[in-house]
Each structure stands twice: as C-alpha cells, then as structure tokens.
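Q: Below, each chain spelled out in residue letters.
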Amino acid sequence: MSLTTELWQVLVVCFSAIFTGNILLTTFLGMCPFLAVSRQVKASVGLGFAVVFVMTFTSLLNWLAYRYVLVPMELEFFRFILFIIIIATFVQFVEMVLERYSPVLYQNLGIFLPLITVNCAILGASLFMVIREYTLPVTVGYGFGSGVGWMLAIVAMAGIRQQMAVERVPKGLQGPGITLIIAGLMALGFIGFTGVLQGS
Amino acid sequence: MKRSPEAKRIEEVLRCSRIVAGGFLGTDTRILEEIIETDAASLIKLGTTAPRIAARMREITERGKAGLGTTVKFDEKRTVAVDENRGQTVCPWPHAGGYQKTITTVRRLDTGATARWSDLSLHFIEAHGFFQGRGSSFRVEPGELVAVLFD
Amino acid sequence: MAATIFSVFAISTIGAGLAALLVLAERYILNYGECEIKINEEEGFRVQGGNSLLETLIQQKIFIPSACGGRGSCGYCKVKVVDGAGPLLPTEEPYLEEAERNEGVRLSCQVKIRNDLRVEIPEELLSVQEYECVCADIQELTYDIRQFRFELKTPDRMKFVPGHYVQFLSPVYEGSEEEVYRAYSISSNPTDVGFIELIVRLVPNGICTTYMFEHLRVGDPVRINGPYGDFRLSDTDAPVVFVAGGSGMAPIKSMLHQMVNAASTRRATYYFGVNTPEDLFMVEEMKAFEAKLPNFKFVPVLAVPEASNGWTGETGLVTEALDRTLNSAGSYEAYLCGSPGMIDATVEVLKGHGMPLEHIYYDKFS
Numbered sequence: 001m002s003l004t005t006e007l008w009q010v011l012v013v014c015f016s017a018i019f020t021g022n023i024l025l026t027t028f029l030g031m032c033p034f035l036a037v038s039r040q041v042k043a044s045v046g047l048g049f050a051v052v053f054v055m056t057f058t059s060l061l062n063w064l065a066y067r068y069v070l071v072p073m074e075l076e077f078f079r080f081i082l083f084i085i086i087i088a089t090f091v092q093f094v095e096m097v098l099e100r101y102s103p104v105l106y107q108n109l110g111i112f113l114p115l116i117t118v119n120c121a122i123l124g125a126s127l128f129m130v131i132r133e134y135t136l137p138v139t140v141g142y143g144f145g146s147g148v149g150w151m152l153a154i155v156a157m158a159g160i161r162q163q164m165a166v167e168r169v170p171k172g173l174q175g176p177g178i179t180l181i182i183a184g185l186m187a188l189g190f191i192g193f194t195g196v197l198q199g200s
Numbered sequence: 001m002k003r004s005p006e007a008k009r010i011e012e013v014l015r016c017s018r019i020v021a022g023g024f025l026g027t028d029t030r031i032l033e034e035i036i037e038t039d040a041a042s043l044i045k046l047g048t049t050a051p052r053i054a055a056r057m058r059e060i061t062e063r064g065k066a067g068l069g070t071t072v073k074f075d076e077k078r079t080v081a082v083d084e085n086r087g088q089t090v091c092p093w094p095h096a097g098g099y100q101k102t103i104t105t106v107r108r109l110d111t112g113a114t115a116r117w118s119d120l121s122l123h124f125i126e127a128h129g130f131f132q133g134r135g136s137s138f139r140v141e142p143g144e145l146v147a148v149l150f151d
Numbered sequence: 001m002a003a004t005i006f007s008v009f010a011i012s013t014i015g016a017g018l019a020a021l022l023v024l025a026e027r028y029i030l031n032y033g034e035c036e037i038k039i040n041e042e043e044g045f046r047v048q049g050g051n052s053l054l055e056t057l058i059q060q061k062i063f064i065p066s067a068c069g070g071r072g073s074c075g076y077c078k079v080k081v082v083d084g085a086g087p088l089l090p091t092e093e094p095y096l097e098e099a100e101r102n103e104g105v106r107l108s109c110q111v112k113i114r115n116d117l118r119v120e121i122p123e124e125l126l127s128v129q130e131y132e133c134v135c136a137d138i139q140e141l142t143y144d145i146r147q148f149r150f151e152l153k154t155p156d157r158m159k160f161v162p163g164h165y166v167q168f169l170s171p172v173y174e175g176s177e178e179e180v181y182r183a184y185s186i187s188s189n190p191t192d193v194g195f196i197e198l199i200v201r202l203v204p205n206g207i208c209t210t211y212m213f214e215h216l217r218v219g220d221p222v223r224i225n226g227p228y229g230d231f232r233l234s235d236t237d238a239p240v241v242f243v244a245g246g247s248g249m250a251p252i253k254s255m256l257h258q259m260v261n262a263a264s265t266r267r268a269t270y271y272f273g274v275n276t277p278e279d280l281f282m283v284e285e286m287k288a289f290e291a292k293l294p295n296f297k298f299v300p301v302l303a304v305p306e307a308s309n310g311w312t313g314e315t316g317l318v319t320e321a322l323d324r325t326l327n328s329a330g331s332y333e334a335y336l337c338g339s340p341g342m343i344d345a346t347v348e349v350l351k352g353h354g355m356p357l358e359h360i361y362y363d364k365f366s
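Residue numbers (the working numbering), protein chains in the order written: chain G, 1 to 200; chain V, 1 to 151; chain B, 1 to 366.
If you are wondering where the hints come from, they were derived from the structure by calculation, not from laboratory data. Please note that a few of the clues may not be correct.
Said to hold, decoys possible - A short list of chain B residues far from chain V (calculated; beta carbon distances all over 10 Å):
| # | residue |
| --- | --- |
| 1 | D83 |
| 2 | N115 |
| 3 | K153 |
To be verified - Have a look at the derived ranges for each label pair, beta carbon to beta carbon:
| # | chain 1 | residue 1 | chain 2 | residue 2 | range |
| --- | --- | --- | --- | --- | --- |
| 4 | V | H128 | B | P122 | 41 to 47 Å |
| 5 | V | H128 | G | M31 | 48 to 54 Å |
| 6 | B | I29 | G | T135 | 29 to 35 Å |
| 7 | G | L173 | B | G50 | 47 to 53 Å |
| 8 | B | E348 | G | L35 | 54 to 60 Å |
| 9 | G | Q9 | B | V23 | 36 to 42 Å |
| 10 | G | T135 | B | E26 | 33 to 39 Å |
| 11 | V | S42 | B | V23 | 46 to 52 Å |
| 12 | G | F53 | B | P122 | 53 to 59 Å |
| 13 | V | R58 | B | P356 | 29 to 35 Å |
| 14 | B | E348 | V | R58 | 19 to 25 Å |
| 15 | G | R132 | B | V23 | 34 to 40 Å |
| 16 | G | F53 | B | E100 | 30 to 36 Å |
Unchecked claim - Derived DSS-like pairs: lysine-lysine, alpha-carbon spacing no greater than 30 Å straight-line:
| # | chain 1 | residue 1 | chain 2 | residue 2 |
| --- | --- | --- | --- | --- |
| 17 | B | K80 | B | K159 |
| 18 | B | K287 | B | K159 |
| 19 | V | K8 | G | K42 |
| 20 | B | K80 | V | K8 |
| 21 | G | K171 | G | K42 |
| 22 | B | K112 | V | K8 |
| 23 | V | K45 | V | K77 |
| 24 | B | K112 | B | K159 |
| 25 | B | K112 | G | K42 |
| 26 | B | K61 | B | K112 |
| 27 | V | K45 | G | K171 |
| 28 | B | K351 | B | K159 |
| 29 | B | K38 | B | K80 |
| 30 | B | K292 | B | K159 |
| 31 | V | K8 | B | K159 |
| 32 | B | K351 | B | K297 |
| 33 | B | K159 | V | K73 |
| 34 | B | K159 | B | K38 |
| 35 | B | K78 | B | K61 |
| 36 | B | K287 | B | K297 |
| 37 | B | K61 | B | K38 |
Since we're looking at a predicted model, the values are computed, not measured. Built from N, CA and C at the ideal position, the CB exists for glycine as well.
For reference, chain G alone in the conformation it holds in the complex (with noise of 0.2 Å):
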C-alpha cells in the first residue's frame, strides 16, 4: 500500500474512532469511570489525556506482542490475557515515571491511573484492533482517535452535568439516572454521524 493510501486510511480510522465509531457512545465501552468522574471539567480533562496516552501506546504494545508473540506460538486465544497484563505493567510503569519526575501530576492524576487499568474501553481498543486486522500505523491512529472520542464524551458529559448541577432533577433520577439518560441522548446525537464517512 502506498504511503499516502495508509495514511489515510489512519486518518480515516482515526477520525471514526472518534466520532462515527465512538468506543463510549456507540460500543459503550469505559463507562464505569464515565459515569463516576463526569461530574467536574477539570477532572475529566485530566482523566481524559491520561486514557488517550494509555489508550495509544497499550494498542500499539499490545499489537507488537500480538503479531510477534502469539502469532509465532499460535497463542492467539491468550490475547485477553496477555493484553490486560501488558495493560498493568504499562500503566505502573507510567505511576512510576510520573511519581519521580512530575510528583505533582502523579498526586491530581494518581487517583486516575489505577482506575484507567480495568477501564474496559482499553482492553476493548486492543481487541477491535485484532479483530479488524488492522495494520500498526492504522493501530496507534485507533488507539489514539478513540481515546480521543473517551475523551470529548466524558468531557461534553462532565459539561452537561456541571451546566445542570442547578437544575431541578426528579429525586429518583439524581445522580446514575439522570446521566445514563443524557448518555443515551449524546449516543442518539453521534448516530447522525453514520454515514458521514463512506464505507466506515
């Protein structure tokens, strides 16, 4: 395939991971974070850019180990296991890194990263890559345009809720209620997005 035939198709691959193909809104994967740290901007910002960093480089990892480890062994039937333990090492090792150079971003972030390793949208990423066979580049565009479609979810939901933190909701639907309805509107919304892209 030429080079600017791939890059395409990473870009493509990219941009309907974010929106057509959105790994929260349309797969409805990664919600338990979802529903539990929508409630500020600013948290799921921060949340967001770390499931994007995780997202990426674990997809490429964990691609890396598919092709050049279960391949050769016919071991592919191990890939749930040997992605989520890819997954785990990954993100301790990255708790490491941050806590010696940046104490201060490993303090407001260290409530996230234990969070981020059972995030289902991850192991989720790794996944859809093997099943739709795709290539390393188109890989890490996946891996990074759906951490970056986790990402304007929980940041477009933490919006919402924050605008309606003075509003009157029903007792019954305060909290969980209230935002599984406004997730399943915003999922409504991203539907229009189908068949934007042709053939994705």
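Mind docking chains V and B on chain G? Use the hints.
A: Relative to the frame of chain G, chains V and B by itself:
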C-alpha cells in the same frame, strides 16, 4: 470497589492508634463509606440530620463548658459535665485545625441514659456525618444519641 | 496436552518477564541516590533519597512534631525548606497559608527527598535531645492523677527551666499498635539533677495515659525528649497570680521550686480549682512552699462545697474566687495552665481587674 487513595488514607488514619487508643473504627470491619452510609440511612429513619444533631450537641457542650469541670443542669431533663484535658487531636480528613480533648457527658435524669462525646467526635458528626465504627469507645448509635439529646 | 503445557508455560514466562521488568524499572527510576540535607546553612548530612523529610530528620534525632505519624493529617510537621523541595503537593495545600507558602514552609511528611535540600530549623528544636530514663517512682495523687518520677540515664541530666515540657514516648502495647509522643509539663525542682517528675491525669482512652496508668511499672525503661516550650516565670518583681487545676499544677510547682531556690520575696497566690475534696492533692507540699516563701499563699477553691464538712476555704468556680479576692491587678502578672475554656474565662476576670494582656502568660498546650 475502587477507592481513591484519599479515601484509603483517611481510613488508615482513622483505624490506627496514633490519635486515640483503639482508633476511631474500633473492631468494625466495614469500610469507611459503608459505615457513613449505614448511619445516614438510620438518621433518615429517625427523621433527623447530622447537622441538627451536631448543633444540639454543640449547644450542650457550650453550656457545660461554663461549669469549668463541674456538673451543670442543662434543662429540666438533662445534666451535663464537660471535662477538658490538655492537648489537641487532629482530624484525619484533609483540612487544617485541631480539636481540644474535651469530653462532654450528658445524663438524662428521667431515664438515666448517658451519652458521651469529644470535640473531635462532634466535629466528625457535624462535618463528615461520621459516627465512628462499632467497637470504638466513642461511638454512640445514632438512635441512642437522639434519644438522649432530644425529647 | 503438550499444547496446554506449552501455552501455560509461555504465558507464565511472559508474565514473569514483565514483572521482572517492573522490578528493574522501580530500582532505577525510583532510586534517588544520595542526597545532602543542609540545616541552617551548616551541619549537612548525607542520606539515601526516597524517604520523607520528616522521617529523615527524626532518624537524625531532630524531633519535628507529628500527631498523625507522617500521614499528612495533622499539619504539625511544618518545616521551612529554602531550596530543593519541589512543587507544592495537593496534600499539603489545606494546611499551609499564603504567607507560609511564600516563605517556603512545607509539610515535611509530604516532602520526598529526591535531591539536595536546604532547610531552616529553629534553634530550640535543634537543642531538643532524646533521653533514656528509668521509671523511679509512681505516686497516686488522686483517683485519676499520678506523679511519675523518672531517673535520666543517657544523657544523665537535662537542663530545663520551670515551665518547660517534655514529650513522653508511649510504646506499643496491647490496644495501641503505634508509638506515640505526648507532651507533659515538668513539675520537679531544677536542682533535682538527673531526675524529671511529671504530674499526669488519666484521659479516657488516651493512648499515653492509658500506658502510664495501666502498664508502666517502677524500673521500666522510658524514652523522653525535650525540653520544649516558652512558658516561664519572668524575672521581675511583680506580684504573681497562678491559676491552674488538676495536672496543670505541674509547671506551677516547678516555678514555685524556682522561687524557693532564688529566695524570692515576690507576692504570689496560687488559685487551685477542684470539684470535691477528693480532687485535692499536694496540699502538704503547698503548705511547705508557704512556709519557705513568706509572701506565697495557696488558695484551693472547692466547686461543690456540699460535698465536704467544715470547708472553710474558698468555694465556687476558681474564676469566681479569683474575682472575689483579687483587687486592682494592674501591676500583677498571671501564669495560667489548663484548658482553653478555663484560661479564657480566667483572662476575662483578670482583664476585669485591670491586668494588661501582656502580663498574662499561659500554657494552653495547643
């Protein structure tokens, strides 16, 4: 359930014996959030709120302090004695401020029931809705406390 | 069959390999090497980085106070770090005011030693020493107050001024899983070289007092550090009013010894408030002071007179007795030791009798 490092740290301080012998969580094995939520549910059933209880406790303590260690009559049904000890305790939650080791003991003359609290346990109830874990020597069940404080 | 074993083996090896990678990473990334800590621009010492400043200073026998064991919950461990502390952490923010932050004051339990540091520590804190002692005597004064006498072993003497307090180390015992320091005023005579006496009141569920009352025996080893505090008797000739109840008598008693040693002729009155006659103690010692100090008078004030027969002394709250018997007090000095409630009430009475605030000294222990 994933808990933030903050919540774990607060619970660790509450459990340790650094501030008070036996810690504030006594022999309770539940986590902090569960203890607070269970007590909050009891309060709703009792038809009152933590700030209301704390305001009443503060009123009683202030009146008792004027006695400088002697037993004072609070109203027709209650006497109160306030013992002040030297030194301060600190609150595990992240805010500045120390709390005197002041022990207030209220006695109901009609039932003989007593309730006892320190300045710090009053602050716990007032600011954090925390009544301390079962087995902590300063825990008072919300139901018993309400019975002694209010008519 | 072979495939199963092979696949399990492969995954386990990969897992182990990644874990080993993490261990190596930790060793290199979280290794801070040797760092130098300079105190007050001199006396540096070198330590392995990675621990908190508080832990390191205490290991070097510099006793920075801490009530929460270095968990970032009390705000007592403030230290001024001139250089090298890194950016302020969110866990420190609730305890430091704007002015403190500008000066570089930090919570030493939250500052991790990653590089060379320069700190400033007040001289009084640097002159605090740790003493190994032996419990020489325990006297029961009332049902909840005891006097403890400790013999200093290493070092074998402490230079203190009446009004100073020490920090007593309560060890681990059943019911208390951590060592804890608690402060008590020295009650003994400074000329009683090699010994320290403390008057201690049992606090319900108090960690240290429970240890002292229920576990400490004569002959047990004990650790103390000190001396601390700036509560002391002035060296003027102004007449003095002492007000202290319960264990608050400790620094006052030490000050009375000081007056006897100096053959002071200052007019002094000690108002000692108690609830019932059972709460009285050291009455004989006070009478001895009255004999040696011609202008000293001990005034016990009984709050519940009905509890005794034939009490001819003052009654009511100690503040009421003070109010009744004190005349114009413009030239007097007052030394108060006790709870904030008692001190505040007493200060009001003293102000009412014309005593200027600068002449009122107190030890609130807060």
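Q: Hints first: check each against the structure and report whether it holds.
A: The hints, checked one at a time:
1. D83: 25 Å, holds
2. N115: N115 (chain B) is indeed farther than 10 Å from all Cβ atoms of chain V, at 24 Å.
3. K153: 27 Å, holds
4. V:H128 <-> B:P122: 41 to 47 Å: 34 Å, violated
5. V:H128 <-> G:M31: 48 to 54 Å: Given a distance of about 29 Å, which is not inside 48 to 54 Å, the answer is violated.
6. B:I29 <-> G:T135: 29 to 35 Å: 32 Å, holds
7. G:L173 <-> B:G50: 47 to 53 Å: For G50 (chain B) against L173 (chain G), whose Cβ atoms are near 49 Å apart, the range 47 to 53 Å holds.
8. B:E348 <-> G:L35: 54 to 60 Å: 55 Å, holds
9. G:Q9 <-> B:V23: 36 to 42 Å: 40 Å, holds
10. G:T135 <-> B:E26: 33 to 39 Å: Given a distance of about 34 Å, which is inside 33 to 39 Å, the answer is holds.
11. V:S42 <-> B:V23: 46 to 52 Å: Since S42 (chain V) and V23 (chain B) have Cβ atoms about 48 Å apart, the given range 46 to 52 Å holds.
12. G:F53 <-> B:P122: 53 to 59 Å: 44 Å, violated
13. V:R58 <-> B:P356: 29 to 35 Å: With a Cβ separation near 33 Å, R58 (chain V) and P356 (chain B) satisfy 29 to 35 Å, so the hint holds.
14. B:E348 <-> V:R58: 19 to 25 Å: Given range 19 to 25 Å: holds, Cβ gap about 21 Å.
15. G:R132 <-> B:V23: 34 to 40 Å: 35 Å, holds
16. G:F53 <-> B:E100: 30 to 36 Å: Holds, since F53 (chain G) and E100 (chain B) (Cβ atoms, about 35 Å apart) stay within the stated range.
17. B:K80 <-> B:K159: With a Cα-Cα distance of about 27 Å, the restraint between K80 (chain B) and K159 (chain B) holds, given a limit of 30 Å.
18. B:K287 <-> B:K159: 27 Å, holds
19. V:K8 <-> G:K42: 23 Å, holds
20. B:K80 <-> V:K8: Holds: K80 (chain B) and K8 (chain V) sit about 28 Å apart, inside 30 Å.
21. G:K171 <-> G:K42: With a Cα-Cα distance of about 26 Å, the restraint between K171 (chain G) and K42 (chain G) holds, given a limit of 30 Å.
22. B:K112 <-> V:K8: 20 Å, holds
23. V:K45 <-> V:K77: Holds - the C-alpha atoms of K77 (chain V) and K45 (chain V) are around 24 Å apart, at most 30 Å.
24. B:K112 <-> B:K159: 34 Å, violated
25. B:K112 <-> G:K42: Judged against 30 Å, a Cα distance of about 27 Å means the pair holds.
26. B:K61 <-> B:K112: Status holds; Cα separation ~18 Å.
27. V:K45 <-> G:K171: Roughly 18 Å separates the two Cα atoms, so the pair holds.
28. B:K351 <-> B:K159: 35 Å, violated
29. B:K38 <-> B:K80: Holds, because 12 Å separates the two Cα atoms, which is no more than 30 Å.
30. B:K292 <-> B:K159: 24 Å, holds
31. V:K8 <-> B:K159: 43 Å, violated
32. B:K351 <-> B:K297: 22 Å, holds
33. B:K159 <-> V:K73: 47 Å, violated
34. B:K159 <-> B:K38: 27 Å, holds
35. B:K78 <-> B:K61: Roughly 16 Å between the alpha carbons, so the hint for K78 (chain B) and K61 (chain B) holds.
36. B:K287 <-> B:K297: 9 Å, holds
37. B:K61 <-> B:K38: Judged against 30 Å, a Cα distance of about 15 Å means the pair holds.
In summary, the numbered hints that this structure violates are 4, 5, 12, 24, 28, 31, 33.
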